[in-house]
Each structure stands twice: as structure tokens, then as C-alpha cells.
Amino acid sequence: MTPNGIGTAALAGVASFAAPAAMTAEELLRTIASYEYGQTRVPLLVAEEWVRMNLDSELNRRGVAFALAGILEGNATKDGKQFVCRQLAVIGSEENLPALAPLLLDAETADMARYAIQRMPGAKADTVLLDALDKAAASAVPGIINSLADRRTVAAVDPLTARATGDDAVAAECAIAALGKIGGLDAAKALDKLKGNVDPSLERAVSDAQLLVAEDLVASGDKDGAVKIYTALASNGEEAPVQTAAKLGREAARM
Amino acid sequence: MKKRGSKDKGATASALSRRDFLKRTAAATGAAVAAPMIIPSSALGLGASVAPSNRIVMGCIGVGSQGTGNMKSFLQFPDAQFVAVCDVDRGHRENAQNIINETYGNKDCTGYNDFREFLERDDLDAVSIAVPDHWHSIPAIACAKKGLDIYAEKPLALTIHEGKAMVEAVHRYGVVWQTGSWQRSKDNFHKGCELVRNGRIGNVHTVQVGLPTGHSIETQPEMPIPDGFDYDFWLGPAPDAPYTEKRCHWDFRWILDYSGGQLTDWAAHHCDIANWGMGTENTGPVSVKAVGVFPRDGLYDAAINYNLECKFAPGASPVAPDGFTMLVADSATFPMGTRFIGTDGEIFVDRGDTIEANPASILNEAVGENETRLYKSENHAQNFFDCVRSREQCVAPIHAAHRAITIAHLGNIAMQLGREVNWDPAAETFPNDPTAVRKLKRAMRGNWHI
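Protein chains in written order, with our numbering: chain A, 23 to 277; chain B, 508 to 957.
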């Protein structure tokens with residue numbers, strides 16, 4: 023570990039790719055690691071330019087991402103880590119997951135880790151999020167669920183179905199909404215089972231999620247499956263906006 | 508007016524008549540429906556004599572300067588009865604409550620800090636939303652889920668993904684939507700666009716859009732959060748950041764965590780007019796080049812100066828068979844407003860009732876009944892009230908707002924990546940460009956999601 027708290031990994035190989043002329047890559051990384059709100063943002067702007075100028079070369083991009091991710095493994099400031107995560111949202115890859123995964127578990131840093139992981143391509147990012155579901159601080163779990171929803175992680179259907187009936191009402195609501203966004207037959211079946219079996223305050227969320235799943239089925243060509251869901255949601259037992267949406271959706275599906 | 512609250516389970520099966528259903532379908536299908544000529548309710552004998560029982564029961568989410576301005580404008584119409592306001596700033600909230608109560612001579616207006624509690628009410632028909640851009644999608648989608656009709660401020664959304672989700676939600680639940688892009692309800696913009704759409708300047712090859720410049724400010728110190736301001740709620744889905752006065756309220760628009768700068772703020776007006784005139788409200792450019800000048804330090808980070816070159820494909824516009832270029836720049840490059848340039852002339856429109864043509868005689872040409880007629884609204888608020896009643900589409904529908912602001916978002920993305928981006932306007936994605944695709948959306952903080 024360097025005196026400024028940068029992991030040695032961050033500095034490995036930084037000289038091998040393009041760096042801004044204003045300062046060396048090593049100086050830049052140290053400055054980012056110690057950045058706090060209220061200081062000049064000039065080094066951050068330099069770093070953003072550094073990222074930008076290396077976007078088009080896969081090798082350089084990986085190098086910059088690796089160097090930045092190294093900051094996450096040291097004793098960098100929270101503001102510095104947040105800046106790094108936002109850069110990794112653009113250039114990060116699976117290679118950076120080992121540095122990001124621990125941040126997911128801590129309520130203080132989970133959101134910044136999600137900024138990077140949520141937009142990262144590849145199944146390993148899904149795995150990291152799924153693993154964090156059972157290990158993360160309780161307050162971080164809804165956000166992790168939301169990231170799985172955004173990524174439409176099919177492997178999350180079962181654990182999210184379990185969360186939908188859990189004690190944490192916020193996480194349960196996020197889990198139900200996530201099933202709708204993930205879509206597909208597995209999510210459709212899960213939501214069908216949850217119908218009538220969640221906390222009464224969450225019944226409406228199940229209906230809204232089913233509307234999303236029905237749209238997804240239409241998009242994938244399963245219009246009959248969608249019409250079945252719509253017909254059930256158009257019934258008197260549903261709230262008025264759900265009935266309206268179901269009738270509109272059914273009409274469109276039959277066209 | 509009729510209640511469409513969420514707690515009347517089963518009650519609406521019969522209340523939802525086929526007529527209502529068909530009108531909601533019409534409103535939900537966007538541009539596929541021929542734009543109707545809306546007859547003002549005043550012309551139908553409603554106007555000032557709207558009975559309290561037939562008034563549209565409304566509430567406001569966001570009553571800062573813009574939201575309060577909108578609310579005051581609405582209060583001049585007898586069509587609406589305001590019963591509730593919601594704002595995370597107690598000062599704004601109480602000010603709005605007082606204005607409403609003084610207007611009605613009672614103390615009936617309820618104030619809320621949390622829009623979710625506001626939406627627990629079962630007496631609302633419609634809402635006015637005027638919150639910072641990073642907060643646009645969440646309450647709008649929540650209101651659509653409640654079946655509430657929505658008048659909402661531009662620019663539509665913080666990201667292309669959020670805008671798309673808003674369009675889908677509004678169409679899914681069949682609610683009426685009016686974007687606050689009020690230039691569509693002004694005669695000069697309507698006339699200019701209608702002339703362009705009917706070929707009066709020939710085939711259009713270029714549209715120039717002039718917008719305001721941005722701002723910079725020095726680094727700001729962290730400050731104590733003012734009493735009565737729920738700053739954590741104000742941040743909402745945006746990344747955690749220390750409180751400083753110049754981050755919040757009107758100034759949010761200079762910071763990319765909460766807005767897209769003047770580019771998005773004003774593209775929602777003048778790019779919207781450009782799309783209206785060109786008939787490109789259901790499509791977009793296929794490539795965007797952009798350069799910008801950004802603050803070199805300090806709190807603000809949105810572009811101060813910007814220059815976008817957006818290429819539209821042949822056939823995207825009915826008046827540009829060979830395609831056209833939309834040039835969008837701050838006022839250092841173009842005067843504020845929208846200039847259509849065709850093979851047979853030019854038309855320029857801007858605020859202040861400005862409409863100019865070259866040759867000037869173009870402005871004397873009438874548009875016939877059998878030609879393309881654009882939706883005519885005499886007043887933006889009245890148009891919303893009329894559409895809430897008729898269930899017709901408003902003059903500034905949500906799909907048009909989405910396509911207008913997409914142009915600005917694409918410009919910001921191209922500037923941030925430092926290169927041209929190619930765009931598929933049908934699929935609404937960047938083909939073969941995974942880096943740009945990452946810019947379509949942002950992770951939301953904590954529990955927030957759409």
C-alpha cells in the first residue's frame with residue numbers, strides 16, 4: 023500500500039497507456055484517492071479525459087479501468103471511490119468485479135458499486151449481485167434488487183420470489199417490481215403464485231408487475247399467454263387503473 | 508369529476524364504459540391517431556360556469572418557482588379544483604397551500620412532503636408535476652399507475668431509458684398527458700410548423716435550433732441543510748452529495764446528476780418545435796456529432812457551449828425525402844428559436860410571437876383543409892383540461908416530448924464520449940456500440956426505481 027492509500031495494483035502498468043499530459047497517471051490516481059467534496063475538481067476532469075482518450079482501445083481501456091479500480095481497494099475517500107465507480111460505469115468490466123464486490127455489502131458504499139456494476143456487461147456481474155443479496159447490509163438489499171431488475175437477470179427469479187414474501191416490505195416491493203421487469207415465463211409463473219399470497223399492501227405491485235410481464239410475452243410472440251394474464255387483470259377484483267391497462271393491453275395483443 | 512381512485516376495487520368495471528375505454532385507447536396510441544381539433548370547454552358552455560362537482564380535482568407535485576407558476580396559471584381556470592400540494596421544501600409547500608387557500612377562501616388544501624402519501628388520496632383526477640429533472644420519471648410513473656392524468660414539466664426525463672419508460676407507462680395505463688412544452692399552443696409556432704409540413708419551403712435539408720448557453724460557478728462549500736428542506740428526499744434517485752445551496756432548486760439544471768444542462772432544458776422547446784414542423788415526432792436522428800465547452804472547475808458540470816449535428820435518414824420526414832440535418836447549438840452560434848431551411852425558402856419561429864419567412868410571401872399562404880393540419884390548441888392549460896374530459900390526446904403528447912429530448916441526450920452522450928454516435932431510432936439503441944449503450948440509463952440510489 024502506498025502512503026496515500028492507493029493499492030499497489032492501481033499503479034501496476036499505468037505508464038503503458040495514454041495519460042493526460044498535465045500530471046502523471048500515478049499522481050492523478052493519488053489525487054483521486056484523496057479527493058473530497060469542496061476541493062478543486064480539476065483532477066477529476068483530467069481523469070475523465072484520461073478515461074475518454076482511452077475508450078477506443080480495448081487494451082488501454084482495461085488498463086485504465088484496472089488502475090482506477092485499484093483505488094477502491096485502498097483507503098481512499100468516499101468521494102474518491104464514488105468518482106471511480108462512476109468512471110467504471112463507462113469503462114469497467116468483469117475484471118474489476120473483485121474490487122467492486124466488497125463495496126456492495128456495505129450500506130455506505132453499495133450504491134456507488136451499483137453505479138458501476140449495473141451497467142457492466144457479462145454474467146459475472148449478475149453473479150456478484152446475486153451473491154450480495156444474502157450478504158449485504160439490509161438497507162443495501164433493495165438497491166441490489168433494483169440492479170438485478172434493470173439487468174433482467176433471469177437467475178434472480180427464485181431468490182426474488184422468496185424476497186417478495188419476506189419481512190422487509192421495501193425489499194419485497196422492489197422484488198415484485200423486479201419480477202415484472204425481468205419478464206419471461208418464469209417470472210410470469212412466480213407472479214401468478216404470489217398473487218393473493220403477499221402482504222395486502224403489495225397486491226397492487228403484483229398486478230403492475232404482471233402487466234409488464236404480459237407486455238414482455240407479447241414482445242416475445244406469446245400473445246396467448248399475454249391475453250390470459252390481461253383477461254385475469256381485467257376482472258372486477260383489480261383496481262381501476264389495472265383494469266384499464268389490462269383491457270388496453272389485451273386489445274393491443276389481439277391486433 | 509369522476510373519481511378514479513385506487514381503492515374502489517370492482518367499482519369501475521361498470522364505470523369503465525366502452526366509450527371511456529375507446530377514448531383511453533385513442534389517447535394511448537399516440538401519433539397513430541389523427542390529431543383532433545380540440546374544442547375548448549368554454550365553447551361548449553362550460554367555461555366559468557363549471558360546477559364544482561364537474562371540476563377536475565388536482566394536486567401539485569413540486570411547487571418551486573416553475574410548479575407554483577404553473578399552479579397559478581391553472582388557478583385562473585374554473586375547470587380545476589386544487590386540493591393538495593406536495594414538495595420536499597416546507598417553505599415552497601406552505602406558500603403553495605396559502606395561494607390555493609386564498610384563491611378558494613378556505614383552508615382545505617393539504618400539504619405533503621412525500622408524493623407517495625399524496626398519492627394515497629382517492630379524490631384526485633389529475634396532477635401537475637414540476638420537479639427537478641432527476642425526479643421526473645418516478646412520480647410520473649407512479650401517477651400513471653394511479654390512473655391520474657398528468658401535466659408535467661419538460662424536459663421529459665433525465666435519461667433516454669427513463670423517458671421511454673414514462674412513455675410506456677402513460678400508454679399502458681391510458682392516462683392523458685400534457686408536456687409543458689407550451690410553444691405548441693402559440694399561433695406563430697403552429698403556423699410556421701404547418702407551413703413547413705405542407706412543403707411551402709420545398710424539401711427541407713437543414714433545421715437550425717438555437718438554445719441558451721450554460722453557466723459555471725466556483726466550487727461551493729458544504730452547507731447546513733436548511734430547516735424544513737428534506738434534502739435526502741430532494742436527492743432521491745441521484746447519487747449522494749453534500750448539501751450546498753447552489754445545487755438545489757432552480758440551479759439543479761447546471762449539474763448533470765440532475766439534468767442535462769441548458770441543452771436538455773431548452774431542446775424540450777425548440778427541438779420539439781423542430782420535430783413538429785418536420786413530422787419526426789416518432790423517430791430520431793441516425794447519427795449525432797457533438798462538441799461542447801464545459802466548466803473547467805466548480806460545482807456545475809453541464810456544457811456551457813455546445814454544437815450538435817444530427818443526421819436524419821431519408822424518409823424520416825415527409826418534407827425531407829433525401830434526409831436532413833438538425834443543427835443544435837447554443838446562442839453563441841444560432842439565435843434562439845427554430846429555423847427551417849428548404850429548397851424554396853426559410854421559416855424562422857421563436858418566442859415573442861416571432862415568425863419570419865424568406866420569401867416573406869410564404870407567410871401569406873393558406874393551408875387548405877385537405878392538406879396536413881397540425882393540432883390546434885389556443886391555450887396549453889385549457890387544452891389539458893379539455894383532453895382530461897374528452898380523453899383525447901393533448902397537443903404536447905409524451906411520445907413527442909421523449910423524441911425531442913432524446914436529441915439532446917444523444918448530444919450529451921456524444922460530447923461525453925468525445926466522438927460521433929450512431930443511433931437506431933426504431934430500436935432506440937446504439938447499434939454495435941456497447942459503450943454508448945451504457946449511457947442510456949443510470950442506476951438509481953437506494954430504494955428508488957421506476
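In short, the hints are calculated from the structure, not lab data.
Yeah, the Cβ is synthetic: ideal placement off N, Cα and C, and Gly gets one too.
Treat the hints with caution; some may be incorrect.
Unchecked claim - Okay, the calculated bits of chain B under chain A, using three or more residues with CB under 8 Å as the criterion:
{"#": "1", "stretch": "746-752"}
{"#": "2", "stretch": "801-810"}
{"#": "3", "stretch": "869-876"}
Evaluation of the provided hints:
Counting residues of the stretch 746-752 of chain B whose C-beta sits closer than 8 Å to any C-beta of chain A gives 4, which meets the bar of three, so the coverage hint holds. Counting residues of the stretch 801-810 of chain B whose beta carbon lies closer than 8 Å to any beta carbon of chain A gives 5, which reaches the threshold of three, so the coverage claim holds. Restraint check on the stretch 869-876 of chain B versus chain A: 0 residues with Cβ-Cβ distances below 8 Å, three needed, restraint violated.
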